[in-house]
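Assemble the dimeric complex from its two separately framed chains, guided by the hints.
Listed below, chain by chain, are the residues.
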Amino acid sequence: MLSVSGLTCARGGVPVLSDVCFSVAPGEVLILRGPNGIGKTTLLRSLAGLQPLLEGAVDYPEDQGAYASHADGIKAALTVTENLKFWADVHGTAWVSPTLPEVLAAFDLTDLQDRLGGTLSAGQKRRLGLARLAVIGRKVLFLDEPTVSLDGFSVKRFADWLRDQHLANGGCAVIATHIDLGLEAPELDLTPFKSAPDSGGGSDQAFL
Amino acid sequence: MKALLLRDLRLAVRAGGGFGLGLAFFLIVVVLVPFGVGPDTALLGRIAPGILWVASLLAALLSLDRIFALDFEDGSLALLATSPLPMEGVALTKATAHWITTGLPLTIAAPVLGFLLNLAPQAYAYLLLSLLLGTPALSMIGTFGAGLTVGLRRGGLLLSLLVLPLYVPTLIFGAEAVRRGADGLDPTGALMLLGGITAGTFALLPFATAAVLRINLR
Numbered sequence: 573m574l575s576v577s578g579l580t581c582a583r584g585g586v587p588v589l590s591d592v593c594f595s596v597a598p599g600e601v602l603i604l605r606g607p608n609g610i611g612k613t614t615l616l617r618s619l620a621g622l623q624p625l626l627e628g629a630v631d632y633p634e635d636q637g638a639y640a641s642h643a644d645g646i647k648a649a650l651t652v653t654e655n656l657k658f659w660a661d662v663h664g665t666a667w668v669s670p671t672l673p674e675v676l677a678a679f680d681l682t683d684l685q686d687r688l689g690g691t692l693s694a695g696q697k698r699r700l701g702l703a704r705l706a707v708i709g710r711k712v713l714f715l716d717e718p719t720v721s722l723d724g725f726s727v728k729r730f731a732d733w734l735r736d737q738h739l740a741n742g743g744c745a746v747i748a749t750h751i752d753l754g755l756e757a758p759e760l761d762l763t764p765f766k767s768a769p770d771s772g773g774g775s776d777q778a779f780l
Numbered sequence: 143m144k145a146l147l148l149r150d151l152r153l154a155v156r157a158g159g160g161f162g163l164g165l166a167f168f169l170i171v172v173v174l175v176p177f178g179v180g181p182d183t184a185l186l187g188r189i190a191p192g193i194l195w196v197a198s199l200l201a202a203l204l205s206l207d208r209i210f211a212l213d214f215e216d217g218s219l220a221l222l223a224t225s226p227l228p229m230e231g232v233a234l235t236k237a238t239a240h241w242i243t244t245g246l247p248l249t250i251a252a253p254v255l256g257f258l259l260n261l262a263p264q265a266y267a268y269l270l271l272s273l274l275l276g277t278p279a280l281s282m283i284g285t286f287g288a289g290l291t292v293g294l295r296r297g298g299l300l301l302s303l304l305v306l307p308l309y310v311p312t313l314i315f316g317a318e319a320v321r322r323g324a325d326g327l328d329p330t331g332a333l334m335l336l337g338g339i340t341a342g343t344f345a346l347l348p349f350a351t352a353a354v355l356r357i358n359l360r
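Protein chains in written order, with the working numbering: chain E, 573 to 780; chain G, 143 to 360.
Chain G extracted, bound-state conformation (with noise of 0.2 Å):
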């Protein structure tokens, strides 16, 4: 498993489209909103947890379908299904590799974003924490939808629609603790529950994942 992720990772920097894809499609998402709403600034303060998660999600998104998509194309992947790697374990490592590429970068550069948009200053500890905690959740599910559509052609519009509504749960709850931690209430029980998503999906998503991989690899 250290092999894949390694060769993912350095898969990722070499051949572009991991690391600065993702991270350039939020920053613009982000910056574009002020341009859209007017430079009320204490509207893009009340608005800033929710623009700055909907637009993580939407950067995670990005690179989903690349997941499989590549490696079913080569062939690794029908290579990997006879190797001693169990499916599960590969769908476990593409997705931590996805979120190392993704989740991560994102989560760093949120503060910042959250500057442009007038963000409270008691809820960035929250904004990052929520991030860190829910972002993970995104890679597993977004793993599970490529590895349901690896194979079919255009398949990234498909896995868009999949994908996104299970992304609703870590949305309300991500946006929320921030608007919380912005409002000065207690987002305890926001986080717990983003936590709790995200453990869920670590635990079930990859058995799922190897199983849909099995059937498209037939």
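Chain E extracted, bound-state conformation (with noise of 0.2 Å):
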């Protein structure tokens, strides 16, 4: 479902990744490991089309891909279920399945539906923007760092719902993560892959 091949991508000009390659299939997680720094956020924000590649080919389904990260963008002026009803409906989807009180259960959210996104807790509101992956019906998900903030219990919640919801129904994803998620998947840790530091890109590559 997600081929890469030959990937390099830079951040801030600067390559940090070379060659960097994997395939995951449908039903598949691959979890990426390495030290910090070495690249695990600038390569999935690479893979999600964020930023160009410097080499390399990346093919998943168009629109399929979903990117999240530790900025969740939740507005603090709407309520729960606005802020998802507001993803569901960027992305078109239109509440048919999964609805949206098992979306609210999925992530122990249903107490909060009517509160204000800024009145939440961190862990609340990264359980909210992990229920934003749950409406937009998006099959490859990057993952950056989804646990950060949650206690043991919601990182349990979460990986039930990606095993069971997610990858079920044939989707598939790429986590950054430091913590073991409980999940069987293949690891891969991208230290071989770090770049030479006199391996070329410019200082001009940034904005081109």
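These are calculated hints, taken from the structure and not from any lab test. All figures in this text were calculated on a predicted structure; none of them were measured in a lab. The C-beta atom is built at its ideal place from N, Cα and C for all residues, glycine as well. Each hint can be trusted.
Some chain G residues flagged as far from chain E (calculated, every beta-carbon gap over 12 Å): (1) Val173; (2) Pro176; (3) Val179; (4) Leu258; (5) Leu308; (6) Ala345.
Derived pair list, reagent style DSSO-like, types lysine-lysine, alpha-carbon separation capped at 27 Å: (7) E:Lys711 <-> G:Lys144; (8) E:Lys728 <-> E:Lys657; (9) G:Lys144 <-> E:Lys657; (10) E:Lys657 <-> E:Lys711; (11) E:Lys728 <-> E:Lys711.
Derived coverage of chain G by chain E (criterion: at least 3 residues anywhere in the stretch with Cβ under 8 Å from a Cβ of chain E; other residues may be distant): (12) 145-154; (13) 204-218; (14) 223-235.
Structure representation (structure tokens):
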């Protein structure tokens, strides 16, 4: 479903990862590992199309990629339901399946549905940010540290949703994380792909 | 696009800083002018078109930096960029939402303030019409400026410096249309040019805004 070959991606015009190759089949998860600064976020942003690739090719069905990072895009002045509904509307999914109560229950947000986004705690915001993934109907998820500020119970809930709802329905995911999600998934250590310090990419690359 | 427009309008109403702020600023600037130039009604009537247009320009400028900055900070902009909505559509929608929360209230309030400045009676229709034609261009050009400066710290001042020179043609023809209306001359030419500027900005700037947003999101 997702295949990456010979990918070189850059941060601020300097290549950080070179010649990354992997593929993910429907129903599979790939966990990205590596020390801080190795380029996990850069790789995920490149895959999601938020920044251009220096080299290589990324292939997945068009309009099926979704990106989620620590910035959840939650509006403080909108309620939990309104936040979710906005993202569903933007993506043109019509709440057929899963329904709103199902999504709220899956992410333990039922009691919070009429609260304003600004009054949620960090972990609750995170759960709402992850619930967005359930309503936009995208198959290929690029998740950057999805479990930051979640408690153990919520991590398990998220892993359950990913396994039972997303992967079971033919979706796939690439996840950068430092913790054990409890998913049986192959891991890809990015350390061997680190770019050589003197590799190309002039200073003007950032502007082209 | 409809969902984004409705969300932006709802945020403007709930979070404040939308409808009220620009309008109150407009009111205060226009009310301050007679204190500055003195109670000479003939003089006030003569400078009223220019004052009203400059004040609405500044009022529109006031809320520009919020167009993309808030969405950039909370990550919504990156999420919108990966959504099926094209960035051109995002830019157009943002400009429209800005016009509805700023340009439209200014247009509606301007005749009342024209009365304060002793504007000639025959000029009111042209004041309304020129603002209606011209303020959408202010929002669209401003959205482009906001896209250029999104992500910069203290980008607000830079935004003003970038955007105000681009407002000059709109200001010239907008104020000229009202002045000609007040003098009993035919303002059609100025109004048509004003409409042309607005149409041109809406045709071209969504693409430019989308391009600068993509660069700023990297």
